[in-house]
Structure formats: structure tokens, C-alpha cells
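Visitor: Given next are the chains, with one letter for each unit.
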Amino acid sequence: MSAINPDEQTAQQLAGLRPGAADRSKHADLGDGTLVEAPGERAPLVLNDRSAHDVTEIVCGYAENTPPKWWLPAFLIAASSTGLLGVGVLYLIITGVGVWGLNNQVNWAWDITNFVFWIGIGHAGTLISAILCLLKQKWRTAVNRSAEAMTIFAVTCAGIFPAIHVGRIWFIWFVFPIPNYNYIWPNFQSPLLWDVFAVSTYATVSGLFWYMGMIPDFATMRDRAILRLNASASAGEKKKLPDILRAYIFTLLAQGWRMSSRHWHRYEMAYLLLAGLATPLVLSVHSIVSFDFATSVVPGWHTTIFPPYFVAGAIFGGFAMVLLLLIPIRELYANFKDFLTLRHLENMSKILLATGMMVGFAYAMEFFIAWYGGNEYEWYVFINNRANPAMAPYWWAYWAMITCNVLSPQVFWFKKMRTNPLVIWLVALFVTIGMWFERFVIIVTSLHRAWLPATWHMFWPTWVDIGIFVGSIGLFLTLFLLFLRFVPVFPIAELKAVLPEADPHRGHGDHDEPGADVHGGGHGELSAPKGAH
Amino acid sequence: MSQMTADQYRAHLERTRRHPALAADNIHLPAGSGTKLSALCFGVALAGLALTLLGAVVVNVKHALAAYQVGVMSVLAIALGSLFMIMIFNLVNAGWHGTVKRQWEHLFSMLPLCVLLVFPVLAIEVIRAVVAGDSGRDGFLLFEWLNPAISGTFLIEHKAGFLNAPFWLLRFVLYAAIWIFLAQRLYSLSKQQDLTGDRWLSQKARFMSGWGTLVLALTSSFAAFDWMMSMDYRFFSTMWGVYYFAASAGASVATLVIVLAILRGMGRLTGAVTDEHFRDLGKFLFAFSVFWAYIGFSQYFLIWYANIPEETAYYLRRMTGGWEALSFFLIAGHFVVPFVLLLFKPVKHSTLGLALVAGWLLVMHVLDMFWIIRPMVYVQDWASLNPGPTGWWVDVAAIVGVFALFAGVLIRKIASGPLVAANDPYLHESLKHKNYVG
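If you read the sequences in order, they're chains A and B. What the first sequence shows, in my numbering, is residues 135 to 667, in sequence order. What the second sequence shows, in my numbering, is residues 8 to 445, in sequence order.
Everything labelled a hint here was simulated from the structure, so no lab data went into it. Owing to the predicted nature of the structure, the values given are computational and were not obtained by experimental measurement. Warning: the hint list may mix true and false statements.
Stated by the list, open to error - To give an idea of the interface, some chain B residues facing chain A are shown, with a C-beta separation under 10 Å as derived from the structure:
1) 11
2) 16
3) 44
4) 47
5) 297
6) 305
7) 307
8) 314
To be verified - Keeping only pairs whose Cα atoms sit at most 30 Å apart, straight-line, the calculated DSSO-like set for lysine-lysine is:
9) B:166 to A:549
10) A:270 to B:166
11) A:630 to B:290
Don't be surprised by glycine CBs; every beta carbon is placed ideally from N, CA and C.
Only chain A is shown next, with the shape it has when bound in the complex (with noise of 0.2 Å):
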């Protein structure tokens, strides 16, 4: 037992207690409430005091509501880009891959820069929705709905490339080890084919992940419909074919889900296994697109980092995209900013922060070791392709990506830089624009110069290759507006247990603050209220 008293020195810890210098929590600046500095407390995550009814309002009612005058001209913008995809493909296949500004040389480029950087991007969904909630981080559920959906997106859009690269598009499923008369194979020793498994695997996992969230708020949905189909219909109205096939389709969608207690138990625990199930693969699909380069012996291609550092740069140009989409979103849409505070754009311009650093420490280490490792044809890549103005024609998109990568997400040191929805908005933008400079820098920069110098050949990109790239995003664009318009885009449900008033022990305290449900002494454990206190 202890030599003192224990009443008697918890006695004289206490009455040594201050409660420091000056009371700093009088003077700060909070933005919009949330942005809370004090150790100790917490940010709400829903602002306005919302209600669960609220929230099923608001939230419906972007998906149920005439859109804003905006979403039109937005949506025949980026649907009318994706011809562009349509046109550029179709040419592609009827003429051949000479069409892009493929050579002899650069036997890739544009085409798989384009299929890393859409798979990276897709990559900040399934971390947001597994990673974030196996860490127990509630924050998640402002994003998780829309980062998933940008990940499905960006995956279908990643999926084009490597299927319209390979020239004779109809022999594309020789891709898959399908059993045939002519016994041909794939190379099951090719990092290639493994980008097929992993990546379908994950668009999988990806897309049940996806829906599995959304069906009990299918099923809210699908019980609104059917509510105002009897309204109308109640009201001696016509019944209007929208509010049938809305009330149709979620039905279908929502799978006969009756928010019973059994459903959500089974729910919560399908949820938690398609989690750790989806965690290795957010980590696997962007190591084995790493491999594509890294097992092969070209210089600038084979270095050890490449997976962990090729995750790492996905999950940094992922949280750029989300954080892109969002912040203007959240401008426009009526009520956004209750659910997508400024603490949440706060903690992802953290993260971008740290992934850009981590970005950061591998293009310093693949620097170093290629002068460390002594491979002259290694450091040529390093200096004479891609760093040194002087030498290397690239020289400009090997700085961009490191103005952009590295330098911009360095204003984030600064709070008033992070809090500010238009700073992180450019931040975003560069950071997209820096990963796209990464996948370019890695292929091109490193094919265009590699072993005999009398083959070098630069790479110049065709109109083919410029439209096929817009029309991605175009593509990506135009689902992502149709997700905005016909689904909620927060997880009603998740949104409601991150409510105040979801708290169990809210309001058994004092104050509405931390510790208030230690009750006097009592356990602090749930234990069951015990009246006012």
C-alpha cells in the first residue's frame, strides 16, 4: 500500500490544481463552433442543435427536392465532356493506339497515368469508410457516403484505361484466366494481371461496401416515397410516374430493410467485417499497382518504397478530391455545413498534411539511396530526367509535383490556412494537379530516356490522349452530380448517433461537458442515471 494516505494525497494534488496561465478558453476563436482547441473537450459534429428529424429533412431532401438551378448546366457540362471520352475511345479502337502520342520509346504514358491517378483517387473512400471506422473515428460520417461513391466513380473511370490500352479491345478477356480450347493464359507471373484481381476485387468490395451502407437510408428513402404516393393519391391526385419509380426503386434498393433491431445488429456486424476486409485491400490494390513499376528493372521504376509510398500518395490524392467536390458542394447546398463542419475540412487538411509528407519522405529517400546506391543509370533518371533543368526536358513536371505535393500542403501548419474552406479548396486543387504530375513523372520521365540513347524519344500528348483524359473527368464528374441528385448523401442513420443528443449520458451532468456523467464519485462506466444531479 501506498506510504501516504490516499484521501490525504489526492487531497494535496487537488489543491495544487490550477488551471493554468490565463484563461485562454474565453478568448477562442471557435469558426463555427467546432473548431475547438481546448485539450480536453470535444467538437460537436452536428451543428444547429439538428434534430433526428432534421436530419432526415435535410438530407432526404437534397435527393427528393426539385435540385438547385446550378445542377443542370452543371450536369449537361460534364455529361456533354464525356463524349468526348466516347468519341476519343471509339476512334482509339477504330484506328489503334497510334492515336495517342504513344512511340517506340514511351510505350506508356498518358494511358496508365491516367488509370493510377483515378485509382488513387479512389482510394480515400474505402479509408474513410473502413480505416476511419475501425479507428473508431466518428468524424467520418460527414464524408464517408460521398467518399465512397467518389471511389466507385473513380474506379470506373481508373477501369478504362488499362481495358482500352491494350490495343485489340476484343480480346480483352483473355485479361481473365479463362479456361479455352487454345489453352493461352495470362501471365500469372505479371504484376499486370494482378492489377485485374486487385482492382476488380476492390471495385467489389468497394461497391457492396457502398450500397450496404446506404440501405436502411434506401429504406427511409423508399418509406417517404411510398408516404407521398398515398398523399397524392389521398388527395384525389394522379399519381406522377417519378413518384412511382422513385417509390419502386427504393423498395427494390432497400431489400424489405424494416430498421428492426435485428436488422441493425447484423447490419452493424456485416459493416465491422466488410471493414477489416476492406482495409488490407485499400492498401493492396495501390502496392500492386506500385509492383507494375517496381518489379520491373528499369531505372526510376525499382525502388523498394514504392508500395507503401504508392498508398500513401493515394490516400493523399483521394482526401484531395473528396476535399475538392465537398467544399463547393457545401456552399451551394442549403444546410450542408451542419453536417460538413469546418472542423471536419480542419482534420482532412491534416490528413492531407501528413499523407503529402509522408509523399514527401519518399521522393527524398528514392533521391537518396539513387545517389546512395552508386547505379549511375539510377541517378541519371533522378537528375538528368527529372530534376535538373538544364538536362531533363520534364524537368518542369517533375517540379510541379513537388510544388504541388510537397510545398502547397505546407501551409496547413498554419490554423487559419486549414479553417479556411477557399485555402484548403486551392490546396485541393494543386494536390490533384500534383498527383496527376507524380504518375506522369514516374512513367514518362523514367520510359523516355531509358538504356540506348539513340532511341530516346520524347512523349507529346495527341488531342486523343487530351480528350480521353477529360472525358474521364467528365465522366467522374457526371456520376458524381447524379449520386448528389438521387442519393443521400450523408448517412442519415450515423449522422443521427453522432447527434448531441445521441449521447447517453447527455444532460445527466451540470454542465452539457466532459465528465459530467462521472457521477460524483460513482462509476463512470454506463452506469444507469440516478435522477438530477
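Using the hints, position chain B against chain A.
Guide: Showing chain B alone in chain A's frame:
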């Protein structure tokens, strides 16, 4: 929504402090406890290190030095990993770790000792290089690039700007200064909070952790280059720093689990560190064991696949000459076994069960360091010098000696103050920490 005023916070803190789990006899060890145990540890350490010295004489200096280095890099990993974990928790405003935080702080405040333990290796190697001069034969030194006798080769010449004794020692000083500063500062902020209850100290710690993590990532990676990778000056891997980090984080959690299990076994921390905390620590063990495997596999696989001689030599050495058994054992022991065991909730929920897995993982961690360092000893003169199995006592003596020293100092540190950072602003969250699902 407003923040608490100073008075409100004080009231809140006092309410938290009245939690029964924070009763003085629950968060303090009995006076004078641990003295015997730590004395025993020091005794073992003395014996172990004396035997290592004997080994240097009887077997050879290089062997004894490598064995000692295995022990040192293992305990250094524990301390660095703990520093990393606490800084990450500070950065993300973690709440659940409030009651286990202090033990992690004890672990990282072992950094001065660890750094001190590294120094003899560097000093002895430099002295041996200087004394031997040009007469040193191939394979004379553990850090072969220090050997003036072989300075003419291309790679040595090329790397001389980085791999040279003065810069090597200078970097040691730099890493040491940074780590000791970070560790001491974070530790003293937390101890200060014990006394004053000033919650803004946590914000200071959070701010420090931002740049601290960055600096730690760079310094620990380069330290891993300097003190392990450069043993084979031909070899290079961009993943090396990440590999050492993965090993560190896992070793840190494993050691923490063992410390907490012992404290709980002594009847302390009841209600403060619960099965729920153990379950989350178990998840961390699982995660870092998988992460280690991921990093280790990636490094191996890319080198194997590309099959470039300058890299494959590293793995060839560990897949021949009897080392392949250890290589395969590490895959099973450091990854497969803990992966399977830690999937089960009862294992993570049980103090003893998790402590056993943690102990196993700690042994695997030492074997991992052993696997990295020890094959470098008899590279050039395998046949003539290798004492074979009869030389193993030196390895055991050195590793046990270093760990006993580490444990002895750690025990004294733990016994010297409260076992919980009782004024941590997030403590109320940690006290009611629950894993709701499942």
C-alpha cells in the same frame, strides 16, 4: 457551443479525479516496490555484458559487438516506437489511451539510455578501424566501410561523402540530441501536468508532436541506415527506414502490453486499464504485425522479382548458410502465428493471453534484429572464424544483458511515480472506454 471556462474545467477535473480507479493505492506501486527486481535486473545485465566482453576475447570482437548491437537496436526500437505512438496520439487528440499513456511515456523516456548504449558500438568500431589502419583485412569490421584497407573500391569511394567516420559520429550526435530533446520535453510536459492540472500543456505537446513526428521519421530512418543497413555497404533499400519503423511500432506495443499486464497482476490499475484497453492494444499488435509483414514482404518481393545482384546479395545471405531456417521461422512467428491468434476476441480480452502473445512478438522482434545484423558477422571469413553453435552463448549473453539493463532502469522509472497521468485532459474518456461492437 462554448468551451469550458477555467473554473468549469477545474470542477470537471476534480470530478474525474474522484473516479475510484484513480484512488492513490490503485495508481501507485507500494513504496519501495521494484527495487529488488531492478537490482536483480542490474545483476543479470552486469553478468550478461561481462560475458559479452568475455565473448569478445574468447570468440571474437566482431561477433560480440554484433550480438550487443542486436540487443541495442531491439530496445532502441521499443523506445522510438513509443515516442512515435505518443506523438501520433497527441496529434489526433486520442482519448482512449489516457490511462495507458504514462507507461508509454516511461518507455520512450528510455531513449537516453538506448542512445547511450548505441555509442560503444560506434566508438569501438571507429577505434578498431583507426588502430588497424591499412593492415585490417577484409571482413575485419562490422561496419566494413570504415576499414581503411578496402577504401579503394568504387562503392566505398562513391559513398565516402556519407559513409565516413566523422559524419557518422556527427549524425549519431544529431539523432541523439533530437530524440532526447523530444522524449524529455514530452515526458516533462506530462509530469508537469500531473502537478498543475494545466490542460494547455497538452496543447503544447500536440504542437510539438507535429514537427516531432516528421523529424522522428527522418532521423529514425537514417539511424536505421547508419547502424544497420550500412553494415553491408553494398546494399541499399528505400524501404529500410519504414521496415525499422514497422518493427519499432510493434515492439513498442508489445512491451507496453507486458508492462501493463504485470502492473495489473500486481493488483494495480484496476478499473483504469481494463480489458477494453487490452483489446485495443491487441488490435494494434495485430495491425503492426501485419504491417511489418507487408513492409517486409514488399521489400523482399521487389528485390527477388527484379533480381538485380547488388540487391539480392542481402537476401541470398539470409537464405543460405543455415539462415533460411530463421527466415522462414520469422515469417511464421512474426506474422502467421500472431495473425491467427489475435483474430480471436478472447485472446485480446485476456490479460494473460495478450501478454503471452506480446512476449512472443517481442522475442520475434529480437530475432528480426538478429536476422538483420548477425548474418553480417562472418560474411568474408565464414569458414575460418565462425565458431558455429558454440558461439551462441555470446549472442544470448549480450541480448539478455541489454534487455536486463533496459528492464532494470524501466522498473525504477515505473516505480518512481503514479502509474497513470491522472490530470490528462482526456482521462474521463479513457476511464469509460468501450468497444461497443461485437
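Visitor: Against this structure, judge whether each hint is valid.
Guide: Tested hints:
no.	hint	in the structure
1	11	holds, 6 Å
2	16	holds, 6 Å
3	44	violated, 18 Å
4	47	violated, 23 Å
5	297	holds, 8 Å
6	305	holds, 4 Å
7	307	holds, 9 Å
8	314	holds, 8 Å
9	B:166 to A:549	violated, 42 Å
10	A:270 to B:166	violated, 46 Å
11	A:630 to B:290	holds, 27 Å
Checked against the numbered hints above, the structure violates hints 3, 4, 9 and 10; every other hint is satisfied.
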